[in-house]
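Go by the hints and put chain R onto chain X.
Residue numbers (the working numbering), protein chains in the order written: chain X, 409 to 984; chain R, 409 to 984.
Hint data in this document are derived by calculation from the structure and do not stem from the laboratory. Incorrect hints may appear among the rest.
Because identical chains cannot be distinguished in the list, a pair is counted as satisfied if it fits within a single copy or across any two copies.
[Unchecked claim] Quick list of in silico lysine to aspartate or glutamate cross-link-like pairs, DMTMM-like style, CA-CA up to 25 Å: (1) LYS510 <-> GLU488; (2) LYS511 <-> ASP480; (3) LYS913 <-> GLU516; (4) LYS935 <-> ASP962.
2 protein chains.
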Amino acid sequence: MRFLIRMRFILPFLVGAFVAFLASIAYWRSNCQPITTKLKPRGAYTHAASSANASWQKIPCIINGNRRNPVDCRVEPSNEVFLPFSFIARYFEITGKIETDKKSLNAEKFFNWQHSYAKLILPKLPYESDGIFMSFDNYNVEVRDRVKCISAIEGVPVSSQWSTSGHVYPVQVAQFGLSHYSKNISEERPRHRLVANFERDFDFDVPRGSYAERIEDSEKELWVLNFSAPVNYTSPGIPIPFPDTGEPYVIFGVKFYRHGAISFHLEVQETERTTYELIYACGADTISTQGNRVIYGLGSCSEWNYLVRDVYVDLIKGLNLYYKKSSKKDKIRFNMARMRIQQAELHGRGLLDGLTLASSAHSELFEKAADWLVRSQDTVGGWPVTVKRKLGSVELEPPWYSAMAQGQAMSTLIRAYKRLKNHKYLQAAVKALDLFSKSSEAGGISAVFMNKFVWFEEYPTNPPSFVLNGFIYALLGLYDVKTVADGNDAERSGKLFDTGVESLKALLPLYDTGSGSVYDLRHFTLKGPPNLARWDYHSTHITQLQVMNSIHPDPVFADFAERWAQYMKGQRADHN
Amino acid sequence: MRFLIRMRFILPFLVGAFVAFLASIAYWRSNCQPITTKLKPRGAYTHAASSANASWQKIPCIINGNRRNPVDCRVEPSNEVFLPFSFIARYFEITGKIETDKKSLNAEKFFNWQHSYAKLILPKLPYESDGIFMSFDNYNVEVRDRVKCISAIEGVPVSSQWSTSGHVYPVQVAQFGLSHYSKNISEERPRHRLVANFERDFDFDVPRGSYAERIEDSEKELWVLNFSAPVNYTSPGIPIPFPDTGEPYVIFGVKFYRHGAISFHLEVQETERTTYELIYACGADTISTQGNRVIYGLGSCSEWNYLVRDVYVDLIKGLNLYYKKSSKKDKIRFNMARMRIQQAELHGRGLLDGLTLASSAHSELFEKAADWLVRSQDTVGGWPVTVKRKLGSVELEPPWYSAMAQGQAMSTLIRAYKRLKNHKYLQAAVKALDLFSKSSEAGGISAVFMNKFVWFEEYPTNPPSFVLNGFIYALLGLYDVKTVADGNDAERSGKLFDTGVESLKALLPLYDTGSGSVYDLRHFTLKGPPNLARWDYHSTHITQLQVMNSIHPDPVFADFAERWAQYMKGQRADHN
Chain X
409 MRFLIRMRFI LPFLVGAFVA FLASIAYWRS NCQPITTKLK PRGAYTHAAS SANASWQKIP
469 CIINGNRRNP VDCRVEPSNE VFLPFSFIAR YFEITGKIET DKKSLNAEKF FNWQHSYAKL
529 ILPKLPYESD GIFMSFDNYN VEVRDRVKCI SAIEGVPVSS QWSTSGHVYP VQVAQFGLSH
589 YSKNISEERP RHRLVANFER DFDFDVPRGS YAERIEDSEK ELWVLNFSAP VNYTSPGIPI
649 PFPDTGEPYV IFGVKFYRHG AISFHLEVQE TERTTYELIY ACGADTISTQ GNRVIYGLGS
709 CSEWNYLVRD VYVDLIKGLN LYYKKSSKKD KIRFNMARMR IQQAELHGRG LLDGLTLASS
769 AHSELFEKAA DWLVRSQDTV GGWPVTVKRK LGSVELEPPW YSAMAQGQAM STLIRAYKRL
829 KNHKYLQAAV KALDLFSKSS EAGGISAVFM NKFVWFEEYP TNPPSFVLNG FIYALLGLYD
889 VKTVADGNDA ERSGKLFDTG VESLKALLPL YDTGSGSVYD LRHFTLKGPP NLARWDYHST
949 HITQLQVMNS IHPDPVFADF AERWAQYMKG QRADHN
Chain R
409 MRFLIRMRFI LPFLVGAFVA FLASIAYWRS NCQPITTKLK PRGAYTHAAS SANASWQKIP
469 CIINGNRRNP VDCRVEPSNE VFLPFSFIAR YFEITGKIET DKKSLNAEKF FNWQHSYAKL
529 ILPKLPYESD GIFMSFDNYN VEVRDRVKCI SAIEGVPVSS QWSTSGHVYP VQVAQFGLSH
589 YSKNISEERP RHRLVANFER DFDFDVPRGS YAERIEDSEK ELWVLNFSAP VNYTSPGIPI
649 PFPDTGEPYV IFGVKFYRHG AISFHLEVQE TERTTYELIY ACGADTISTQ GNRVIYGLGS
709 CSEWNYLVRD VYVDLIKGLN LYYKKSSKKD KIRFNMARMR IQQAELHGRG LLDGLTLASS
769 AHSELFEKAA DWLVRSQDTV GGWPVTVKRK LGSVELEPPW YSAMAQGQAM STLIRAYKRL
829 KNHKYLQAAV KALDLFSKSS EAGGISAVFM NKFVWFEEYP TNPPSFVLNG FIYALLGLYD
889 VKTVADGNDA ERSGKLFDTG VESLKALLPL YDTGSGSVYD LRHFTLKGPP NLARWDYHST
949 HITQLQVMNS IHPDPVFADF AERWAQYMKG QRADHN
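Isolated chain X (complex conformation) (with noise of 0.2 Å):
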């Protein structure tokens, strides 16, 4: 009875507990996984093998014995230790992004690692004197923001590098004009849209008050519109009305009686749109904001004025020149969603000679450059810089000479003189050599190391700063000149390319760090840390090396080159 009475109980008890442990198993299967407590033994997985549902569980790394700042760190039953890529991107430098693999059919994601932030882009080869320079159709000189804007009176840039209030830095000059240069064999031709042409008769209207007629100017000899408006562009001028198309180039001829100015009215879609004008104006200022105004100074303006202007360039350097006055911290960007130019507008007593759109003008700001080259060029034969410049503890004084600026004005000069046919820029090519025979000391732009190689220097400081870039690019002008001048200015240059040419090949070595490049010799002649080229210098020394071994094939360029590229991919040289 006492049996029965205890499995009246138990029974129920029993089936009771057991639906319970049923539902439970049921219950947590679906909502848990089990922990791993027990470590496993080191090496005992691979790490491919663990899954990601596998369990992970924290734990501090601490980094070269810095307990005080450990870092978040997982770790997997495989005793594989997870590092964030926050740690690894700033302790490296490492750049790397997650990223949607679009040819994949789920759009799968990807983490995006990459060891160097540069690309490295192969220049043309063969390297040809009146061919791409370089790389140099990749570059755009003019929305660098060391580039202050183009100045209308040169028709050069302006750097705002080492001084804000700005000079025309003659590397920048022949960089613009070797860019654009590359740039006009490498893309298409540019596309033209005739806006106003006074060989016929012009259909826009002239307010009252104001004046305009075709008359055949003597000088140009062809059909110009002779103008008269309200001088004070607050005043309605005579406005040109614009064709609504996406070309952001305007060329035309302008010449003033004393004051006038042309202004281009800019409408921007953005968040909501804006009306800007842009001012080419008689003036000496060359780039002054007044709100929504940007005004370009066109110097004296009583003799004819030949631009060509990227009017989304100007407005822009414009605006951020009033943003940073007004300390906005962003920069605007050059990808404003949508800008039309509504129409252009003239003031003052003056000629006008045509209007045209175009979506490039590369050979006319190539001119440009070369012209104010051979216009700029001094007695010695040089292109003084007009700023100072610091290099680590050492200072050059203004003026000075820099074999990077011989040397790139030479290779402008030489594609134009080859382009052009004109002699000037030949003349001016050969002249520049001359600072090459001067050193640094005696104001020139030659040093040696150690009484040895001669080396010619981008910035030519004492002690000697044997920047490698400047120096090849010194040597690239120098091939430029040997290949197309004759008889003694071929044999001058020839002669100095190869002293260079010997110097580079003996002290390459020197800046190859087993993982990438330094800069200069600063360290040596300093007794400083070395000063390593951050990957965008590193690349350009791949390029020029590249470029090195076409000219003058050596293993130890093409070895170099070769190497020096391995190191943008992480990989380093052996150690022993």
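Chain R in isolation, oriented as in the chain X frame:
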């Protein structure tokens, strides 16, 4: 009633279910964690805030565009990507392992990331010519893999580097001497334990057929054991029982009439107990192994041999030789759990002068090295290296001299002179100066960097290799001589030292990669890749510069030492 019956069933059922429910909670709580599958929106978490239970997914990491071998990474909902350390370790040559924080209450685990596998050991400063040499008190030359054994004939290491048959390498001898000299200063005084002393009667048994008696040795003027036993060490000899102590060194004098041997029976307790026989026998064969027998030759043994032997090292060097021949992959490491000398055994006819156990024998071993250097110096004051050395594509044909050998020998000899007051050591050190004035090309050790900076070559290759560490060791040797020698000798060594210091200060920057150092300048002379110094050489460079700054204070030495030490923690020089 039916209610009561029902209750009688339901109540136990509910109680049972409740108990099982509680039990299941307790069980699962301790064995599982919730699965979270939903990904949180991008940027919703900072990575540190993500909980350890947040979901964790696989994501492939494409490394520098290599889609074929993606790395198996993880991503958390915060979009923080985690990379496996196994990849980082391979890519950047970083070391790290999971360790237990013994200070924490719960023995928490952490991951110990070490940029450099080498430890930077500060040398004892100021450096003194009779003090600890650099940080050599931490060296243990005899256990190095490239030390074949310690010769019982010469009393110094035999190197298997660059020649497996073995050669006495003067650099290794000097380092052996300097490390024991330094340990003799830094370590506690040795413990000695007399095993047999024949000033009084001995108490071990002489087996039938053998013979032993105390006699007074006229040469040594003390009582020794005159013995006669079967010469063949496979037959029983005269056993001398050993006390069961842990001391590894046996020190004794022995001399034989033609043939004979003294053997030591060693019992090793590892997974099983094994007995080995370590035999020092008359004969020219430096080391040989026959099964469990390791035999060291004593050379011609009819003169007194004064032996100071680490029986652990002697046994293991012999066994490794055997295992190497029998192509066993793993060498025996020097951490045998338990080794015990059971007894010594005398064979042949000869004399035995005492038998002592010692915990260390640094001063004796140092003296053996110094004496070898005096004995082995050739007529031009050098210690020729007798094996071929390949440095990249350049070969050194034997015999050749090494500025490092000269310098380290000088440091050893100067210390021997200061300690043992015997002029033969000083004379040998001074004689070693001669080769410093002889160029590598003429069979000496001196090279010149670009016609200007004199370098003392560890490897006098043609073209020069400019090895850094060997050069600084040479300078330290010159410093030691200049400090201790007099008159003309002091002047000669002083001039060489000063010349070398000027070269070092001038060229040191060329060894700086911005993240480590180069071992030599072969990349400059051979136009190849830089030969990066592995971390233990890099740390040697730092220690050497600290010592240089101690004896010749200069900001270059101090700054480079400090920056190079930072490189070991992952710091780099700035890029431009």
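Hint by hint, here is what the structure shows:
1. When the C-alpha separation of LYS510 and GLU488 is checked against a cutoff of 25 Å, the pair qualifies only between copies, where the shortest distance is 21 Å, while the shortest distance within a copy is 30 Å.
2. When the C-alpha separation of LYS511 and ASP480 is checked against a cutoff of 25 Å, the pair qualifies only between copies, where the shortest distance is 20 Å, while the shortest distance within a copy is 34 Å.
3. For the identical chains of this complex, LYS913 and GLU516 are neighbours neither inside a copy (47 Å) nor across copies (56 Å), given an alpha-carbon limit of 25 Å.
4. Proximity of LYS935 to ASP962 under the C-alpha cut-off of 25 Å is restricted to the inter-copy arrangement: shortest distance 11 Å between copies versus 31 Å within a copy.
Hint check: a violation occurs at hint 3 only; the rest are consistent with the structure.
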